[in-house]
Amino acid sequence: MKRKLGLSDIYSVAIYGIKARKGRSIMTSIGIGIGIAAIVAVIGISSSGKADLIATLESLGTNLIKASPTSGFFGTQDDLPKGVLGMVERIGPVEEVTATTQTDLLVRRSKFISELEGGGISVIVTTSELLDVVGGSLVEGRFIEAGLSNLPVVTLGSVTAKRLGISNLDVATKILINNEWFGVIGILEKLSIHPDLDRSAFIGYGVAKELFDIDSEPSTIYLRANPTYVEEVVDVLAPTMNPENPDQVEVSRPSDALEAQQAAEAAFTSLLLGLGSVALLVGGVAIANVMVMSVLERRMEIGVRRSIGATRSEIRNQFLLESILLAGLGGLVGVLLGAGITIGYTRYASITFSIPVWQVFGAIILALVIGALAGLYPAIRASKVQPAEAIRS
Amino acid sequence: MNNSNTVISLSNVSKIYEGPPPVKAINGVSIKIDEGELVAIVGESGSGKTTLLNIVGLLDNVSKGQVYIDGEDTTELSDDELSKLRGEKIGFIFQTFFLLPGLTAQENVAEGLLYQGVDRKTRLLQASKILKQVGLGNRLDHLPKELSGGQQQRVAIARALVQNPSYILADEPTGNLDKESGLNILKILKDLNAKGKTVIMITHNRDHAKLFDRIITLTDGKVSV
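These protein sequences, in sequence, are chains D and H. Counting in this note's numbering, the first sequence runs from 1 upward without gaps. Counting in this note's numbering, the second sequence runs from 1 upward without gaps.
Hints should not be assumed to be uniformly reliable.
The list that follows gives simulated cross-link-like pairs (lysine-lysine, DSSO-like), each with its CA atoms no further than 27 Å apart [stated by the list, open to error]:
#1 H/Lys84 / D/Lys384
#2 D/Lys22 / H/Lys84
#3 H/Lys145 / D/Lys19
Hints listed in this document are in silico derivations from the structure and should not be mistaken for laboratory results.
Chain H with its partners taken away, still in its complex shape (with noise of 0.2 Å):
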């Protein structure tokens, strides 16, 4: 395995929740994930799923161990060091979506550039090809609500890939979608991943993870297997 394409490597990790009584969340885990890899991460409730995605997603701090992204360590970075970076290098996917309820479809996908000192042209001009490409193109001007969950969590997998990063990050992207819409945007993932992008999806549900190229399995916050 060639060292210079891991996007992600998580070196002994532990996190624990201070209590009292302290959770050891997440202990002693150690996890790579090459350049475009579809994996997916699965686990029962209480796993440690989450606290992991937060990780990954340099949303939360570790307590211990080093986590790298695109090689470089991330756990001495402050907080404005770690936000650029998730802007730059993460494109997230939630289970609700998030969408902004009082913009459109476009100007939503456009947010995903905001923070990057695009201009507010350049924003909607990305947005809108984005769009096409997940076949929304004829839904830039629709509200949130004016739209359907799947297309919903089209336009919020649009708004993570505008960013063009270095992985996406999906957390039970098709929990709140019918089966039909859920494996659509399964379909999306793994379409992207073979364009190349790296995608990460936690999920409980094994027969989707199953549709994966890698499973890695969380219990008690260590990797099984």
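Extracted from the complex, chain D is given alone in its bound form (with noise of 0.2 Å):
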């Protein structure tokens, strides 16, 4: 005679025990539900920022530098010593440079708007590779090219573009700089990790030189340089810029930034998941003690099964299963929950939605393995019962 339990067996005399008392076993559900769902979502909305993180490192790349004056004593500018341009130019590993001028020229939309009224935007003169080295792209028309550098054109930031109420180029629009118009001929994408340049309108250097008499002396430069050396090229940057007061030129990589904001999260998310990971501890030690409240109560019940021919092992069998199934339910819950949540504040945060499958497998998996643990000493008790003592009760 076959004397083995079948799975299913076991199964629904588990689900007895959970169905029986409904109330009680989604109360118990709940403290691991908490815990998996806030893991689950911690995991997600992290993973969630890394990815377009990740993907802004990626478009930015690393090696991307930007030497600039340090501030002076009252917050101006010292400039850059002259020839500067050329200086870095001859440092091995440096792919690409560009240089731009910072100008104190106001941008207006028209004659009608006042000149104190004009403020927030920047005019930067610059070339064109500006757009390459920091890796910017067009929502529309066309930057400084070569040609164009003497012509009165300006490319607009995102920002400004915004500010001065030009969202498209389909009718040919005209902004004054100070007293001159200028035709706008570009709309730049937004620049993630560079929001001066955002704030900016750019012009080249022959018109700023004919209209304005700025010379070509840049106050801030941009390069690229072998990704292999970047380290090596931020070293000798301020003294080959300015060899007599290194100190005056500060040198940074906004991919820095970057990184430091990551680690700053991943230090935040480890943070989150301990507090996660202690709200599972208190849903395990909940289940186990319903579960030991439980054998108290159901003595009559081992008794029953003990006289209808149960072994030990298939009453601590039952009862290890509740325990398991009360966990995979929270388990599953908070899965649904936690994705929930990512998926609501991906949506709110407006970033790229995404969750490592490993880590919902993960999270039933680990809720499952709590409820074993939690079960286990009270499955054992449960199995301990003796017959005789249970039906007397």
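Mind docking these for me? Both chains are given alone in their own frames, and the hints should help you get the complex.
So this is what it looks like as structure tokens:
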């Protein structure tokens, strides 16, 4: 005669215990549910954010370097020494370099706007290479290309275009720079790591010299170095640009800021994961508690099952599986809840939704393991209940 | 008396509950019960009835002596083997029915075959057959709380019968029932016996015991007369 209980039979016996006390079962799994939801949401949100951050880093490259004079005592910027571009170009691993010159020219939409209301937008004089070096792209139109340097034309940063109320170039549009009209020939996409460039308008060196008498000494230079030697280039850049006073040159890598942000988020993620684990632990203890109570309450059931032929291991498996199912139920709800929170957050923050599959499986398996651990002691207790005592109660 | 027909045989059985102080609940009892007997075990409370029930039901081990079920010595059997033997050979009926409250009458009865490796479909089919035999064919889907005490006890009898046991062991089966329901249960037990089933009932009610063919009286852990 076949003696072993089939899997479906053990399952139906275990599910009986859960169904017979629905309210309590739900409350018991809530703890695990919250823990798993927290963990899934934390991993989901951080992995969604990370996907965007990594995409930005990749498009940006980590070999972009920015050098500018340090701020003076009163916040004014010193100039870079003359001929600095040539010096930088001679550093071996430098692949591309471009200069920009900060101006204090005033940008207005028309003459009807007072000169006092035009602030917040800076005019930057630059060359055609800038777009490539900072990895920017155009929403529409063109950048200040080589042949356009002498013409009164301007390309707008994304924020500048918005401030001036220019969303497209369907109609020929002009803006005022100081008191000269410039034709708008292009609008840039948002440059995520150069907010200063987003708030700028770009004109060529030729026209700047002709109309405003601005000479071509750069105030900030951007360069791309061979990725293998980025650190080395950073080290020699300041002494190269200003051998007398290297401390008057500020060298930065925009990708550093992003990497720091990533590191900070990782630390925060670990903290939240820690909290989630505590919730899981508490959830596990709650299950263990309820199962111990359940064993005491259900002595009659244990007695009856033993008298109709259940062995100790069959009783133990019943309670163990019941505990695992309780935790699994909580885990399942937790995964759904966590994924829901992640979807909600990614919509709200408009970042790409990304949730690793291993994480979903991992969370459910974690819940099951916790259920098994929590159920082990109560299940063993149940299996040790003497049938003779159980039926007397 | 033919030995091959002996279902239960207790040989000089004693049960001592370890103290302090040690209590000798059963003291040198020898009983033989043959196939097809209708036996009542009676005695005052404290006379050792429950202990005897546990021993005959293989729910407890003995301190001394031998217990044979269908000729097999059970004293050396492991816990798992005893469980198996209970499931196959003994049909239990308890004073307070002991039905699982979350299961229907049919499922409760089917549970009697669960640990014998019978598949669910067959279990439920057998359960409905037996429930019809005890007059509850129209109550298959009722939960225990939807049944009267007498009906619940009939479900419990059905659960014991569905295993097709060698003997039925009833512990005060009428103790929680009104007089009429109690007599009805006794009638069912007598009918089962008439069809050849061995029935052993433990009771303190001597009037009920008188309806049975053989009465074993326990006094202070010993069989008297």
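Structure-based check of all given hints:
1. Restraint check for H/Lys84 and D/Lys384: satisfied, since their Cα atoms lie roughly 17 Å apart, inside the 27 Å limit.
2. Our distance criterion of 27 Å between C-alpha atoms is broken by D/Lys22 and H/Lys84, whose separation comes to about 32 Å.
3. The straight-line distance between the Cα atoms of H/Lys145 and D/Lys19 is roughly 16 Å, inside the 27 Å bound, and the hint therefore holds.
In this structure, only the earlier hint numbered 2 is contradicted, and the remaining ones agree with it.
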